[in-house]
Amino acid sequence: MARVRLEHITKRYEDVTAVDDVSLEVADGEFVTFVGPSGCGKSTTMETVAGLTRPSEGNVYIGDDEVTNLAPKDRGVAMVFQNIALFPHMDVFENISFGLRLRTYDDEEIRRRVEQAADVVQLEGMLDRMPDELSGGQRQRVAIARAIVRNPDVFLMDEPLANLDAKLRVHMRTELQRLHRELGTTIIYVTHDQAEAMTMSDRIAVLNEGRLQQIAPPLTCYNEPANRFVAGFIGSPSMNFADGELVADGLETDNFRVDLDPGEVPGVTVGDAVTLGVRPEDVHIASAAGDLPAVTAPIEARTDVLEPMGDEVFVYLLLAEEAGRSMAEDPATASDQLLMSVTPDTEVHEEQDLEVVLDRSKLHLFDSASGEALRHGLVERSEPESGETSKAG
Amino acid sequence: MSDDHETTESTESDGNSDDPLAERWRQARRITDGGQPAERGRERDQDAPHAFLLEDEDDAELDRGPFQQWVATSISNPKRAYRAMFYTATIFFLLTTLFPFYWLLMVALTPEGQQQDIILTPNGFNPGAFIEVFQTLPFHWYMFNSFVIATASTVVVLVVASLAGYAFGRLEFPGKTPLMLLVLIISFFPPAAFFIPLNDLFNTQFFALEPITGDGTLYNTPGAMVLPLSAIFMPLAIFILTTFYAQIPDGLEDAARVEGTTRLGALFRVIIPLSAPGVATAGVLTFIAVYNEFFFSFLMTDGQPENWAPILEGILGYQGQYEVMYHLMAASSIIGVIPVAILVIVAQEKIVSGLTAGALKE
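Same order as they appear, the protein sequences are chains A and B.
Just so it is clear: in the first sequence, position 194 is 194 by the UniProt record's numbering, and no numbers are missing.
Just so it is clear: in the second sequence, position 154 is 154 by the UniProt record's numbering, and no numbers are missing.
Mixed in with the good hints, there may be bad ones.
[Claimed, not checked] DEER-style ranges, computed between Cβ atoms:
#	chain 1	residue 1	chain 2	residue 2	range
1	A	Asp165	B	Arg83	41 to 47 Å
2	A	Glu133	B	Asn307	50 to 56 Å
3	B	Gly128	A	Glu133	51 to 57 Å
4	A	Glu224	B	Leu181	55 to 61 Å
5	A	His171	B	Val340	52 to 58 Å
6	A	Arg181	B	Asp250	28 to 34 Å
7	A	Gly271	B	Gly175	56 to 62 Å
8	A	Asp132	B	Tyr87	32 to 38 Å
9	B	Asp250	A	Gln116	27 to 33 Å
10	A	Asp165	B	Leu163	37 to 43 Å
11	A	Glu133	B	Ala341	34 to 40 Å
12	B	Ala246	A	Thr17	23 to 29 Å
13	A	Thr17	B	Leu181	27 to 33 Å
[Unchecked claim] A few chain B residues that don't get close to chain A, going by computed Cβ distances all over 12 Å:
#	residue
14	Gly65
15	Pro78
16	Leu198
17	Asp200
18	Leu227
19	Glu349
It should be emphasised that the hints constitute simulated quantities derived from the structure, not laboratory data.
No experiment lies behind these values; they were computed from the predicted model shown.
Every residue, glycine too, gets a C-beta built ideally from N, C-alpha and C.
All chains should be built: construct the whole structure from the sequences, respecting the hints.
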């Protein structure tokens, strides 16, 4: 067990910079997930920890030792790969014991530890099978057993569940959490699936285009995203964004306005471009929003498409008159659309005109130019009518 | 009910003379039938518009000979034609490859002095030639020499080509393509072009070699054949192994390295075992090529078995100043082929089993 520290890691390939000045520290026994879209550098960052890639700049520390130039075998790390990477010419026992057999353990010790590892991942009785005789989930367990059998200081998992079917993935997710609780080993986990990141980790490191965007506990990333990218990436469906301009007494977007005191928003002045972000569950139908302490002025909208999910219904709202095209696009990018999530018993149907309000305490403001978060949650305002009048004028 | 109705309708439309395709089939049929009326065919074409065309069992005997009949069935059932072509080709190749062996056997079995007009059977029967071969010359010694030379060359080629194949197949480094092209170019050189400088080199005395070879030269040692022959057959092995090693998923190598091997360890523990068919192919090809090689084998020794002369010198040894013992040359050629034949049969099984095991499924 050990902590892992990355100091200003940069990895350049001939024409691209895969990882750009990433610094972070993973505490002993912590479960940290690197999450981000494809090509964001998360796997490369992990490979620098494993030693499979040497960073162009920066240092890697495991425990108290600098390991930047050490070979992977000397780092005390174990890794589970996306493609599982079991050795096809070896049976399960040989696969699990591969690392042990390379070191000087006697046969009895090897057998004991392999059986113990197989026990942890519930693979008893399968030690003499070949990998191609196993199901996807069993192969994944063999890969995990191979990783835990050496008692590594750090566990690296590179999208270990990506090749499994959806049901098995959820199951293995809970198993991995159980494993982490039992072993208490430091785990660095890479995924592009934010659901995996949210459910399993102690902290999430969100990466985009090789840069670390935010490293924080899952709910902090969800409730107080550091910038517009994190806000849009974490959460499904993703946050609504509306580009607007800060005016003397509020924020004016193309289709609605939100009253606020510009002094509330640090770092910007009147006239600056500010993006408003609001999650689908913080959009409410005006008539049903009575019990919320503070809401924005009602916004006129027309429902477009409903997506009943069972436990909730996603309602696609059109804000502008001429809107109605390009619904297939990501609602987060279209500022004249709004995605609302309501309970299934809400009476709403397609092509219905209605008024919606936004929960003021759950609004997020971002600097449109830099994308940095300016403020999460606006203070209460007592005169909800003012928005209506100024909009009319 | 509605289903039935539909079926009837479609049958009707098939038989309908308005349908231009059906009309053309009918016309074609009339031509092939020699203008015979085709009442039965017309009935049949209602459910299968063109199956009747050439498969007409009933009136085929009237106007078709066996060859026409065969052609007709082949057109309607092309697999028959392909099978026939396959057998023709197989028989042709078997004949051209196996007949020389058969003839060699006939020559070997014919007693000395009666070899004038052997065509398909031997003039007499003298299996003793296969024994005589070993009595006249120490032929087993020549065979042993060849075996050692071929094995040594194969080992050298496989080890060096494995390292080269790993580098070319799995690493990115500047100058990779030019280097690969250089290997390719060298493989195009005629081996004879190297002979004179090499022969000169191998006849030069080197002090360092004295403890090993006695006189300090490589002439009359296996080295004089292993070194040039390994180099000559190396490019082919490099190409074969490069393609195989390049196909092993990176994840497997990474896994091995994280588990505790070096890159070299991963090559020998994971990549080479998984490329067994490729390694076997490269090995067998090299072994056979070296075993069969003529030029260097003939010129790099003085032809004495104790000086590592290979099998070739043994076979040529039955050709004396005053007589040529063709039956012994034939018998020794057959004996010389046997180890290679066994190797090919064994290795072929290995190659096939390696390919069918689907070893690379992740």
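Quick rundown of the hints versus the structure:
no., hint, result
1, Asp165(A) to Arg83(B): 41 to 47 Å, "holds (43 Å)"
2, Glu133(A) to Asn307(B): 50 to 56 Å, "holds (55 Å)"
3, Gly128(B) to Glu133(A): 51 to 57 Å, "holds (56 Å)"
4, Glu224(A) to Leu181(B): 55 to 61 Å, "holds (58 Å)"
5, His171(A) to Val340(B): 52 to 58 Å, "holds (56 Å)"
6, Arg181(A) to Asp250(B): 28 to 34 Å, "holds (32 Å)"
7, Gly271(A) to Gly175(B): 56 to 62 Å, "holds (57 Å)"
8, Asp132(A) to Tyr87(B): 32 to 38 Å, "holds (36 Å)"
9, Asp250(B) to Gln116(A): 27 to 33 Å, "holds (30 Å)"
10, Asp165(A) to Leu163(B): 37 to 43 Å, "holds (41 Å)"
11, Glu133(A) to Ala341(B): 34 to 40 Å, "holds (36 Å)"
12, Ala246(B) to Thr17(A): 23 to 29 Å, "holds (27 Å)"
13, Thr17(A) to Leu181(B): 27 to 33 Å, "holds (32 Å)"
14, Gly65, "holds (55 Å)"
15, Pro78, "holds (36 Å)"
16, Leu198, "holds (40 Å)"
17, Asp200, "holds (45 Å)"
18, Leu227, "holds (33 Å)"
19, Glu349, "holds (17 Å)"
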